[in-house]
Amino acid sequence: MYASAYIGLKTYVRYPAWILSDVISTPIWIIMLLLPILLFLPREEWSDPTTYQYFYWGMVFWSVISMAMWSVGMAIRWEQNLGTIEWLFLSNANRVVLFASRVINRIVDLTISSLYMALLMYLMFNAPITVKNLSLLVAFMLLSMAVSLGIGAVYGAAILKLKEPGALSNVLQFVILGLSGIFFPIQRLPEFLRVVALLIPYTYCVDLVRFSAMGTPTLLPLHQEIALVVVLAVVLNYAGILALKIVERNMKRTGKLGAY
Amino acid sequence: MSFPASLRKNLLVIYAVYVKEMKIWLRYPTWILVIITLPYMLSGFFYVIGTALGGPAATRNFAEKTGTPNALLYYVVGSAMFLIAALVIDSIGGSIRQEQYRGTFEIHYSMPISRVVLWSSHILPQGTVTFVTLGISLVPALILSGIPNLASAFIGVLILTISMIPLFGIGLIVAALTVRFKEPWAVTNILKAVISVVSGFYYPLYVLPAWLRVLAGYLPTTHAITLIRDLLVFNREFLASDSRIIALVVLSSIYFLAGLSVFKRWESRARRTGELSKY
Chain A
0 MYASAYIGLK TYVRYPAWIL SDVISTPIWI IMLLLPILLF LPREEWSDPT
50 TYQYFYWGMV FWSVISMAMW SVGMAIRWEQ NLGTIEWLFL SNANRVVLFA
100 SRVINRIVDL TISSLYMALL MYLMFNAPIT VKNLSLLVAF MLLSMAVSLG
150 IGAVYGAAIL KLKEPGALSN VLQFVILGLS GIFFPIQRLP EFLRVVALLI
200 PYTYCVDLVR FSAMGTPTLL PLHQEIALVV VLAVVLNYAG ILALKIVERN
250 MKRTGKLGAY
Chain B
0 MSFPASLRKN LLVIYAVYVK EMKIWLRYPT WILVIITLPY MLSGFFYVIG
50 TALGGPAATR NFAEKTGTPN ALLYYVVGSA MFLIAALVID SIGGSIRQEQ
100 YRGTFEIHYS MPISRVVLWS SHILPQGTVT FVTLGISLVP ALILSGIPNL
150 ASAFIGVLIL TISMIPLFGI GLIVAALTVR FKEPWAVTNI LKAVISVVSG
200 FYYPLYVLPA WLRVLAGYLP TTHAITLIRD LLVFNREFLA SDSRIIALVV
250 LSSIYFLAGL SVFKRWESRA RRTGELSKY
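So the protein lines, in turn, are chains A and B.
The opening position of the first sequence corresponds to residue 0 in numbering that gives the first Met the number 0, with each subsequent residue numbered one higher.
The opening position of the second sequence corresponds to residue 0 in numbering that gives the first Met the number 0, with each subsequent residue numbered one higher.
If you are wondering where the hints come from, they were derived from the structure by calculation, not from laboratory data.
Watch out, some of these pointers could steer you wrong.
Lysine to any residue pairs mimicking SDA-like chemistry, simulated, CA-CA at most 25 Å apart [unchecked claim]: (1) A:K160 to A:M73; (2) B:K22 to A:Y14; (3) B:K22 to A:Y115; (4) A:K131 to A:Y115.
If you want the ones that stay clear, here's a sample from chain B, every Cβ over 10 Å from chain A, calculated [said to hold, decoys possible]: (5) S5; (6) I48; (7) N69; (8) R114.
Backbone N, C-alpha and C define an ideal beta-carbon position, used for all residues, glycine too.
Next comes chain B alone, as it looks inside the complex (with noise of 0.2 Å):
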């Protein structure tokens, strides 16, 4: 097949799936609230507690540990990191679980289609719920602290799509475990923990024991959050040289190239040993 043919081809599936996927989420409105307010809520819940807990001293306690005052930008900048990494990883495995749910599975199997355009296609949909809804919610959490400067928020916006490739994937590798062990809720459960943990969304790495700070550098996350936590809660400027921007990006292809090329052996094993139709 020829160049053009291919690439329309494939611009048609990932066409068919947006479309499909968005019908879905727009059908479920309340979930894309959730997706608005859930930095709100855990940043509410952090800060009720802490601050209870804390007494009066609670504020310096925190610029002390993290140097802002400003706990509610500091969690929600945090949070919204937070749901973007749980978001994609769960949903190419997530997708693969319910089209067998819904018996559909098979069916992609057999149409003359790449499986891995199919299945990375649903990142697409995916980010632009995850983007605006969390754009919605990052904006009145900026307004009340100051709104950075908007070559900030650009640089801001590009982290956080050269940090979805990586975790795009592990949602290969975790789709290829849903091929093989057909639960992948299990498996995002702790990748999502591991990840979140290690990344230091809600805290600086410096209070994890040594032996993690070092895990924690060998994660894109970790990178991306405090670039983007340099950016809009210390307003702070880097240059495109700054070693974690390299980390990043080296990071994204490593991780990128892994979990395609998991999730094609996988795949194809499934195929050879008949496991793609059982769940």
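Okay, chain A solo, but in the shape it has when bound (with noise of 0.2 Å):
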């Protein structure tokens, strides 16, 4: 674990120009994101501030949604361009942890962003973003994190198969953002939709997430609610772990491992 976060956070501070940029055109997309939405309300709802508060906890959520799509994924991806996937897969480590290196990058992101895109959101738009219970938030948002890596750990398998990841991503990460209610309460979804919303794990992930930032009700009681996001947690993952370890086989038998 410590090889892998050390190899992440090394690359990830190697391109300070990344940082750099993602500094400058992040409130920029943000802007470009929040327009086409705002034309849908009436003026007056513009400056309501609960507008914004759920606009932000849905970005802030993108990014746990992009981790999963993106860091095991993605990891796999670039360690077959770099060519050193075949020496990974000969070392005797747990292959979600091998994979997870981006997500290290990924919590120290979404750490700085987080609060950068709060300061934003109050800058731009007159919109303090403020916390509910922030022992609570960092706890769901850990959790959610976990689900994550499990789902990240199930595609990261699919991306070994696949070889290439970026379509697929872009693809999903755009239905599970529309879906699973990331920038408003499923509620206000028509009938047939809230039913695949509440099939998505994410769904639960992100209304405990609000729940303790913004007080917003939850869908399950919050105990069952917990108790759901955490079993999916642990069931994620360890389909994520038996899924590589099936793919790998595969492979390995077929000598496809170090195509690509």
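Each chain sits in its own coordinate frame; assemble them with the hints.
Put into structure tokens, the structure is as follows:
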């Protein structure tokens, strides 16, 4: 885990231009994503702080979702590109830990960007971001990341098989963002889409995050929802480890591990 | 070298780059699928969140602010323009970076060919993929919303083609920055963000502050998107003497020439200082 985190952080700070680029472009992208949504609201709601709170926590949670799509999946692709994937598979380390090096970058990135975006929301839209219960928020964010890591591991196994993650990641990301109520409560979705939303693990994660940050009511009774997310985190991580094992074994047998 | 011989040599370069790049594109067909579906993904993203937050009056609010209740077409057209801008800006700098990664960058410089032609050629395969896929992607939205007449569609393609020229100029500047700073994606990320926000691909410009609207006037993409939106979303017709067309053509020439000049200068500096082979 230490080696994995070390390589992740070292790679992250090696390209300071990327960090700078993120700092400069993040507020610009926020405006680009927010303005088209505001067109659907009456002008008086453009200054409603709740609208911005929903949007802010949606943006923060977007990073958690991207973590699943891009961390393990992209880490595998990255190692393939560098020609180091075969060496990593020769080691006896846990595959999820091995490829989760980018999770460390994501956590650093998420912490910085959450604070930065909160400041920008205040400066640009005069919408202060408040947190109802910080310790619960941190706990639920970590729990959500554990769920995301599990999904990322399952997804990583698919990438190992399919090779090209970028396309699938893009499509999946938008489907999840649109359907799991990341930016709004799912009660506002049409009935048939609400059923789909309830089947997506992230729906419950973001619901808990919003509960701790904004004090919104949860979909299920609180304890049941926490229990559900804990179970999801365990099951998805177990499924991820299993999926990676099966795909790896299969690829080793067919000699396709090194092909990309 | 005589003109026909020089022309033949340059055409061969363009052909070689085209075949190579198309081969790489077709090797990863899932990316083509993404370009086809992405306008709908982005439009769906805005639409689902907007209507969920806006409630029953969402469409009315949208129509009041944009002039059309057809949010799908409005956003699909905007997304198409956004993708063209993003892909073209990425293509040249990205190609140089890829060659650096593959270790083939220096080999290009040992060949007796024009580097401007070489790197510029990347626009053609990129343009082919972009036009074909976005064409496919726009058709369903246009059919659902009532297809504009053929003349409008033709003018739309023409405007899109012209709007690629200044983007290509920006791409050359990115390429120059790539040779200098080695990290094109950091630069393109900022450029794409600025161009996307200021051009108003997804909203009418009046929602921006006055100073940004002034800046928008200097971006060719702003004029391109308003013209295309007029044609495809509002079914309006306009004359060739429309000031926006003139602005688009003038700005396209300026951006292209500026890009070319920056690229030539930085490239020659990189060769002199030995920066070329470092990455």
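Do the hints match the structure? See the list:
Straight-line distance between C-alpha atoms of K160 of chain A and M73 of chain A comes to about 13 Å, which keeps the hinted pair within the 25 Å bound. With a C-alpha separation of about 30 Å, the suggested pairing of K22 of chain B with Y14 of chain A is violated against the 25 Å cut-off. Our distance criterion of 25 Å between C-alpha atoms is broken by K22 of chain B and Y115 of chain A, whose separation comes to about 42 Å. Restraint check for K131 of chain A and Y115 of chain A: satisfied, since their Cα atoms lie roughly 19 Å apart, inside the 25 Å limit.
Distance check on S5 of chain B: its Cβ is at least 37 Å (rounded) from any Cβ of chain A, clearing the 10 Å threshold; non-interface status holds. Not every beta carbon of chain A lies more than 10 Å from that of I48 of chain B, the smallest distance being close to 5 Å; the non-interface claim is violated. With a cut of 10 Å on Cβ distances, N69 of chain B stays outside the contact zone with chain A, its closest approach being about 13 Å. A cut-off of 10 Å between C-beta atoms confirms that R114 of chain B is not in contact with chain A; the least separation is 24 Å.
Going down the numbered hints, you'll see the structure goes against 2, 3, 6, while the others check out.
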